[in-house]
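All chains, please: the whole structure from these sequences, using the hints.
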Amino acid sequence: MKEVVNEPIKVILLSLVTCGIYGIIWFFQVSGALSRELPEEGINPGMIIVLSIVTCGIYSLVWYYKMGEWLQKAGQKNGKNIENEGTLLLLLGIFFSPAAIYIIQERINQIAA
Numbered sequence: 001m002k003e004v005v006n007e008p009i010k011v012i013l014l015s016l017v018t019c020g021i022y023g024i025i026w027f028f029q030v031s032g033a034l035s036r037e038l039p040e041e042g043i044n045p046g047m048i049i050v051l052s053i054v055t056c057g058i059y060s061l062v063w064y065y066k067m068g069e070w071l072q073k074a075g076q077k078n079g080k081n082i083e084n085e086g087t088l089l090l091l092l093g094i095f096f097s098p099a100a101i102y103i104i105q106e107r108i109n110q111i112a113a
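Numbering (the numbering used here), first residue to last: 1 to 113.
Calculated from the structure, these hints are not laboratory results.
All C-beta atoms in this analysis are idealised placements derived from N, C-alpha and C, irrespective of residue type, glycine included.
Watch out, some of these pointers could steer you wrong.
[Unchecked claim] The calculated EDC-like cross-link candidates involving lysine to aspartate or glutamate, where the alpha carbons are at most 20 Å apart (straight line), are:
(1) Lys2 <-> Glu69
(2) Lys10 <-> Glu83
(3) Lys10 <-> Glu69
(4) Lys66 <-> Glu37
(5) Lys80 <-> Glu41
(6) Lys80 <-> Glu37
(7) Lys73 <-> Glu106
(8) Lys77 <-> Glu41
(9) Lys10 <-> Glu40
(10) Lys66 <-> Glu83
(11) Lys77 <-> Glu40
[Stated by the list, open to error] Label-pair restraints from in silico Cβ distances:
(12) Thr18 <-> Asn109: 29 to 37 Å
(13) Gly57 <-> Gln29: 13 to 21 Å
(14) Ala99 <-> Ile24: 14 to 22 Å
(15) Val17 <-> Asn78: 28 to 36 Å
(16) Glu40 <-> Val17: 33 to 41 Å
(17) Ile21 <-> Gly79: 28 to 36 Å
(18) Leu16 <-> Ile94: 31 to 39 Å
(19) Ile94 <-> Val54: 12 to 20 Å
(20) Gly79 <-> Val54: 18 to 26 Å
As structure tokens, this is what we get:
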């Protein structure tokens, strides 16, 4: 998980400045790090990106919801107490995705610390 440690505000600003391109790269990197951390979950970063594009972003909302569970499991695996915030991430993903990105990156940083 250390390969995706980043400042949350940096992720949001780079996503805005690059018109979302960095956001897609970050999305892929986070999914890849979690697939290595939790191989039993069968997380496929490439498929997540393809499904998000094909469904015009609807699958990314599923990803936000599942991310709450995946972060909790990764935290438990690393001895960190991370709550399952899937519902919160889903709602923020729908109404204000930068806040969801901020929370996800914060949790990743907590797990990697």
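Hints and how they fare:
no.: 1; hint: Lys2 <-> Glu69; in the structure: holds (19 Å)
no.: 2; hint: Lys10 <-> Glu83; in the structure: violated (24 Å)
no.: 3; hint: Lys10 <-> Glu69; in the structure: violated (24 Å)
no.: 4; hint: Lys66 <-> Glu37; in the structure: holds (15 Å)
no.: 5; hint: Lys80 <-> Glu41; in the structure: holds (19 Å)
no.: 6; hint: Lys80 <-> Glu37; in the structure: holds (14 Å)
no.: 7; hint: Lys73 <-> Glu106; in the structure: holds (15 Å)
no.: 8; hint: Lys77 <-> Glu41; in the structure: holds (13 Å)
no.: 9; hint: Lys10 <-> Glu40; in the structure: violated (30 Å)
no.: 10; hint: Lys66 <-> Glu83; in the structure: holds (13 Å)
no.: 11; hint: Lys77 <-> Glu40; in the structure: holds (12 Å)
no.: 12; hint: Thr18 <-> Asn109: 29 to 37 Å; in the structure: violated (21 Å)
no.: 13; hint: Gly57 <-> Gln29: 13 to 21 Å; in the structure: holds (18 Å)
no.: 14; hint: Ala99 <-> Ile24: 14 to 22 Å; in the structure: holds (18 Å)
no.: 15; hint: Val17 <-> Asn78: 28 to 36 Å; in the structure: holds (31 Å)
no.: 16; hint: Glu40 <-> Val17: 33 to 41 Å; in the structure: holds (36 Å)
no.: 17; hint: Ile21 <-> Gly79: 28 to 36 Å; in the structure: holds (35 Å)
no.: 18; hint: Leu16 <-> Ile94: 31 to 39 Å; in the structure: violated (19 Å)
no.: 19; hint: Ile94 <-> Val54: 12 to 20 Å; in the structure: holds (19 Å)
no.: 20; hint: Gly79 <-> Val54: 18 to 26 Å; in the structure: violated (38 Å)
The earlier numbered hints that this structure contradicts are 2, 3, 9, 12, 18, 20.
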